[in-house]
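*Asks:* Spelled out, the chains give:
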Amino acid sequence: MKNRLRVLRAERNWSQADLATRLDVSRQSVNAIETGKYDPSLPLAFKIARVFDLQIEAIFSDEDGVAQAAE
Amino acid sequence: MAEYKPQPLLTPSVKRSFGRTTFYTVLYLTLTFASVTVMRAQHASGALAIALALVPAVASVGLVRAYLLGLRELDEFQRRLQYEAMLIAAAVTAFASVAYGFLETLAGFPHVSAFYAMLVMVGAFSLAVVFLNLRHSL
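Which chain is which? The protein sequence lines are S and X, in order.
When you line the first sequence up against the numbering used here, it's residues 1 to 71, in that order.
When you line the second sequence up against the numbering used here, it's residues 1001 to 1138, in that order.
Rather than coming from a laboratory, the hints here were simulated on the basis of the structure.
Think of the CB as a built atom: it goes at the ideal place given N, C-alpha and C, for glycine as much as any other residue.
Check the hints yourself; a few may be wrong.
[Unchecked claim] Derived CB-CB ranges, DEER-like:
no., chain 1, residue 1, chain 2, residue 2, range
1, S, Asn13, X, Val1112, 52 to 60 Å
2, X, Phe1018, S, Lys2, 32 to 40 Å
3, X, Leu1068, S, Asn13, 35 to 43 Å
4, X, Thr1105, S, Leu42, 47 to 55 Å
5, X, Ser1126, S, Asn13, 33 to 41 Å
6, X, Leu1106, S, Ala49, 56 to 64 Å
7, S, Asp24, X, Leu1068, 18 to 26 Å
8, S, Ile56, X, His1111, 53 to 61 Å
[What the hints assert, rightly or not] Beyond 12 Å from chain X on every Cβ pair, some chain S residues (computed):
no., residue
9, Ala32
10, Ala49
11, Glu57
12, Ile59
13, Ser61
14, Glu63
Chain X with its partners taken away, still in its complex shape:
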C-alpha cells in the first residue's frame, strides 16, 4: 500500500474562501457597530431607524455570496456533505423555532429575539459539518 501523504489543509480555494468570509464578517461587524452607534447618537426613529437597522444586512448578503462561491470550489462529495449539513441545520432551526414559539405562546416561556434563530442555525450547521466529516472520514 502506498504511503499516505496528506494534502495541504490550506489549498488555494480554502484560502480564497477564508479570505472572502473574513472580509464580509469584518464588514458585518463594522456595519453593525456603526449602525448601532449612529442610531443611539441620533435617537433615530421611523424610516431612518429601519434603514440603519438594515444596513448590516448588506454584509449578510456578502456572507451568503462568499459561502456560495466557496461551495462551488468544493468537489462533489464535499458539496454533498455541505448540503446535508445545511439541510440538518434548516430542520433543527425550523423545529426549534416552532417548538419555542408554542412554548412562548402556550406555556408562558419568556420572549426570545429572532436573532437566536440565526445562532441556532449556525451552531447546528457547524456541528453537522463536523459530525458528517468525521463519519465519512473514519
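Only chain S is shown next, with the shape it has when bound in the complex:
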C-alpha cells in the first residue's frame, strides 16, 4: 500500500514527532508507515485521515487495485 504521509506532513511543516504526538503513536511507527514498511490498521488509518482532514483514499492507495484497474 502506498501513502502520501510524508508529503502531507511536509505541507503542514510537521516533523515525524509532531505527527506521532497527534496520532498518539511512536515516531518510529510514523517512520515505518511513511517508508511503506508498515501498513496501519483501519482505526489508525481513519485517525490519520482525521488529523489531515482528508478522506482515507486521498492518503492511501492500493497498489494492487491500481494495477488491476489498469489491466
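Could you slot chain X onto chain S? The hints should help.
*Replies:* Just chain X, lined up with the frame of chain S:
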C-alpha cells in the same frame, strides 16, 4: 521538510514499564536467594523442597504480568515488533531445545539444565527486538 525533533526516550509508559519490570526482577532475585538459603540451611527435602523451589516462580508470574502490561501501552506497530520477536524467540528456543535433546540422547552430549532454555529464549528475544527495531528504523 520539517526538522526532526526526537521524542523523549523515557516516556511515562516506558518509565512505568521499567519500574514494574525492575520491581519484579528484584523480587525474583530476592526470593531465589531466600529460597536457596532456607533450602540449604534446613536441608529441605520432599514437599518443603518442592515448595521452596517454586517460590521464585511467584515473581516470574509478576514479570510476565509486567511485560503484558507494558505491551498494552505500546502502539500497534511496536506491538507487532514485539510479537514478531517473541515468535522468533519461541522458534529458536524450540529448535535449540529439541536439537540439543537429540544431541544429548543420541550423541552423548552432556546433560544441560532446563534453566538454559530460559536463557536462550531471553537472549533470542533481545537480539530479535534489536534486529527488528534496526530493520524498521533504517
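*Asks:* Does each hint hold? Answer for all of them.
*Replies:* Consistency of the hints with the structure:
Range check, asparagine 13 of chain S to valine 1112 of chain X: Cβ separation about 58 Å, and the 52 to 60 Å hint holds. For phenylalanine 1018 of chain X and lysine 2 of chain S, the hinted distance range of 32 to 40 Å is satisfied, since their beta carbons lie about 37 Å from each other. For the hinted restraint 35 to 43 Å between leucine 1068 of chain X and asparagine 13 of chain S, the CB-CB distance of approximately 39 Å keeps it satisfied. Checking the proposed 47 to 55 Å range against threonine 1105 of chain X and leucine 42 of chain S shows it holds: the Cβ atoms sit about 50 Å from each other.
Separated by about 38 Å at the C-beta atoms, serine 1126 of chain X and asparagine 13 of chain S satisfy the suggested range of 33 to 41 Å. In this structure the supplied range 56 to 64 Å holds for leucine 1106 of chain X paired with alanine 49 of chain S, their Cβ-Cβ distance being about 59 Å. Look at aspartate 24 of chain S against leucine 1068 of chain X: about 20 Å separates their beta carbons, and that is inside 18 to 26 Å. The supplied range of 53 to 61 Å is met by isoleucine 56 of chain S and histidine 1111 of chain X, whose beta-carbon atoms lie about 58 Å from each other.
In this structure alanine 32 of chain S is not separated from chain X by more than 12 Å, as the shortest Cβ-Cβ distance comes to only about 5 Å. For alanine 49 of chain S, the non-interface assignment is confirmed: its Cβ lies about 16 Å from the closest Cβ of chain X, beyond the 12 Å cut-off. Glutamate 57 of chain S, annotated as away from the interface, keeps every beta carbon of chain X farther than 12 Å; the closest lies near 21 Å. Every C-beta of chain X lies more than 12 Å from that of isoleucine 59 of chain S, the closest at about 17 Å, which supports listing it as non-interface.
With a cut of 12 Å on Cβ distances, serine 61 of chain S stays outside the contact zone with chain X, its closest approach being about 20 Å. Listed as a non-interface residue, glutamate 63 of chain S keeps its Cβ farther than 12 Å from every Cβ of chain X; the least gap is roughly 20 Å.
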